[in-house]
Amino acid sequence: MITQEKYRTRVKELLASNSVKMVIGYKQGSTADRRRPLFVRSFEEADELVLDSNCIGNLAGYLVTEGLLSDEKRVGIFLRPEGIRSINILAAESQLNPEQIIIFGFDTSGREVKALQGEQAEDFSGLIDSLKEKPPEKSSDALLYRIDQMNTEERFAFWKDEFSRCIKCYACRQACPMCYCRRCIVDSNQPQWINTSSHTLGNFEWNIVRAFHLAGRCVGCGNCDRACPVNIPLRFINARMAQEVFESFDHYAGTSQTQEPVLASFNKDDSETFIL
Amino acid sequence: MTRILFSDKLDNCIARWRAAGLTVFGPVKTDTLSSYAAIEHASDFDFESVLPDRSIKDLFFPQTEPMLRYTIKKRAIDTEDFAPPNDKRIIFGARPCDASGLAIDDSLFGWDYKDEYWIQRRNESVIVSIACTKADDFCLCSSLNLAPDSSTGSDVLLRPLENNKGWVVEELTDRGHEAFLAIAELLQDGSDPIAPIAAVPEKFDLDTCVAWLQNHDNFESKFWKEISMRCIGCGSCTYLCPTCHCFDIQDEGDTYSGIRRKNWDSCSFALFTMHTSGHNPRATQSARWRQRIMHKFNYFPGKFNVNSCSGCGRCSRQCPVDMGITETLQKISTLQP
Amino acid sequence: MKIVDRHDEAPGVRTMKLEFQEQADHELFKKTFRTGMFGLYGIYGEGESTFCVASPETRTDYIECTFRQSGRVTSALANNDVGDLITFRGPYGNRFPIEDFYGKNLLFVSGGIALPPTRSVIWSCLDQREKFGRVTIVYGARSVADLVYKHELDEWQKRDDVELVLTVDPGGESPDWKDKVGFVPTVLEEAAPSPDNCIAVICGPPIMIKFTLISLKKLGFDENNVYTTLENRMKCGVGKCGRCNVGSVYVCKEGPVFTAAEVARMPAADL
Amino acid sequence: MSEPFEPKIIAFVCTYCTYAGADLAGTSRLKYAPNVRIVRLPCTGRISPMFLLKALQKGADGVLVSGCHPGDCHFTHGNYHARRRWMVFRSLLDFLGISPERVKFSWISAAEGGKFADLINSVTEDIRKLGPFDQYKELIRETETPATL
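Protein chains in written order, with the working numbering: chain A, 1 to 276; chain B, 1 to 337; chain C, 1 to 271; chain D, 1 to 149.
Derived by calculation from the structure, the hints in this document are not laboratory data. Do not take every clue at face value.
[Said to hold, decoys possible] Pairs of lysine to aspartate or glutamate residues, derived as EDC-like cross-links and limited to a Cα-Cα distance of at most 16 Å, are as follows: (1) D:Lys-31 x D:Glu-142; (2) C:Lys-218 x C:Asp-179; (3) A:Lys-27 x B:Asp-322; (4) C:Lys-104 x C:Asp-196; (5) A:Lys-160 x D:Asp-94; (6) A:Lys-27 x B:Asp-112; (7) C:Lys-253 x B:Asp-112.
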């Protein structure tokens, strides 16, 4: 509550002084537990801002909405640490100018909400470095444990079953702040690399491609996983990719605005034990 | 006195229907998802959930369907059509909103050119709906001149008994009657009281909304941009919708052989209407959301005399950013016409 | 259908002449085809692409079509040669009510790659020239090279029963260009054809149609005497797939030919 | 009697090293398994994971990717970039149940005709042992069958 009030006041200050043209935050959704994105441009809207432990969606994707930042005015946004990492990646990939982004950082533990110190993405570098130092917790998820225990054929059968439900609504893509391409590879048809149809093969291919394009870029915000209307556990795939780049290349996505994209850079002595 | 199908006879019914060559479908729930699927035993049914995550559309208009196979030879092209399946089916336990959705799409697929994929499946299917005794915050049938016990689109309507031990049978069509002849002797006469149907409060006044939508001046209202600002442009509302019916046709294969398929498509996608020249009639997400709402409540009823929405609420229930038809129409109903 | 002839009209724009393989298909086409209708031309493995039948209803021994190579299907079509087979679905859609034009003056306004649909009407009328009054054609393209049907433009220019006004967009003229320079609506207003007893047929990119409709209104044309075609993206062609919708109109069934009055009733922003 | 299984393997190779190596194997009259179809590309850096997926989509039982040794790339560091991508892609395929045994990577220089022949033989043998990629082929077959619902 205190954080929410503090931030509401700060949003109003910034709006009043014309320091931001809009603040992207959360408001009450259609059920008690749901929060929906809110675009604050007035004091009345600022009063609708809600900040609590149910504010889980990563809002960073809205920043790359066509034309939003082209007037070079500033935009405020409520972000968790993962969201701040997304800003760093978007900046590193030249999708936005981080100076235009005023961050209302917050994190939650249990139902508790705490504000994060800082307003510009770079203010949070200490925090993100400390997150990187903390080895990513081994997920205690029973399902993931089961997947890891499977042999290759069983894993294939597992994912085949999961992907057979996919309807290719592309909610995973649209919800992801990193999927900003104007024309996604599945929308390009010359050549048509993967099948657009939503049969299991096409779904399998789509999910491989999606995960690969997010390798080293995914911050684990969980937007895709929550957006999936058929409940495919996409989080596991992304997390495995993040783990792979962390272990192989010491890469933790979104540490800074100048971080080189992991798959667009290399190290001469990268591991190559698998190469014959 | 009414005719009653007691739940303990359901396994028998299923066996009879199966013996008569019908495939039995119904709401099924797994760890991950609920949908309408083929079942073998009464215990496979899920009558507990408010409604399945996936709509009944899946059984009539699959997300991807092969239309024809082509084989290219030196100076000739061979093609072979894929016919829609022609097995007889009974869909037991459809929700009235899903059944109404089928009736809505009948008008489109039966208009002018007859869509054989849809029509054949419809002709081979008996829809046995169960009136809802449960609803959630997202249900909105009552706002659309429908109700938890609407019979539109159903061949048989079942009303749950208060003691939860069975259903009162109401045969609505010849097709429904015929399917229930096979189990006639398993039905019993009785006068057990019917459970009250679910309370679905009216969420907006539809006539007010329609009047607003029909006013040409509102087409370019600022409202559209405001309401759709957080829309991320995924197609999940359209894909889970029982009445959304847009599709794409795609060839998969190479220059020797392959398959032409009919796939779901969505008006939410930017590329849906994009011309090759780069011109896009609906270039912004707000224009696309406006199209969806207009199509459902203005254009479609203008042509087919029925709203293209049966009030299942799936669009709002699963929207990643908590949008949906309910919110939009609720807001519209408060606007000046 | 078999490709029996093909030639390039402009950079990236090709015309193909197609003949039916099956007698029954041909008979059906002869019976149903009227100017204004469109078809879905396809290559198996690539898909289908929608464009008009560019040949007139007075010449139904074959189908001519003209298209710009820009997407997957049109590029594949362009890769085919004389003797190759392609598919054709159609003719679909409505038509220009040519009989209603009898005894009237005709004004054709067209831009760029939209001459093919106009040309179908033009020849349908010129093939029975005596039934119509004055014929005026205003045609423009981005540049001289982008003008299509150059031979026929020459032919029309030479005929004294046709008035042809050619124009290219500013900057698109070649050193020896003798005709007009300027956008089609502007040139049309300069030419100022009389709206009396006149039917106007306009085809072009959406932006041209938009401004030409305004110009025609200025010139005093009645909305009901102005016809245009909407060329929306289509997949099924039979009123099912939903993508050609403009407002409540299924362009594939109720179009592609509309009067300006009908267009005015559609939501302008969705065109 | 069913025919013995002959694996179908697609090799994506860089033109400067591995393709030249294959050439050398040929001109040296080295014998190697005929199961591999070679697709030649300018550099391993050009070999997108999309190609590998396409090969599987078209029914390959295995895929081989090969290029210049580190430091030898004609474009200076195309193969370094490729190496990172392979590492990640391989791990992804593994997690999703596509055995890394079916997607192999190697460095073969223009001088290594012998290594090329040996590699083709050993890869072919490995895949032969794994058997046809039935799980993936079942997905392909599903796309060719009529809708069941």
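Failing hints, ascending? Going through the list in order, the structure violates hints 1, 2 and 6 and respects the others.
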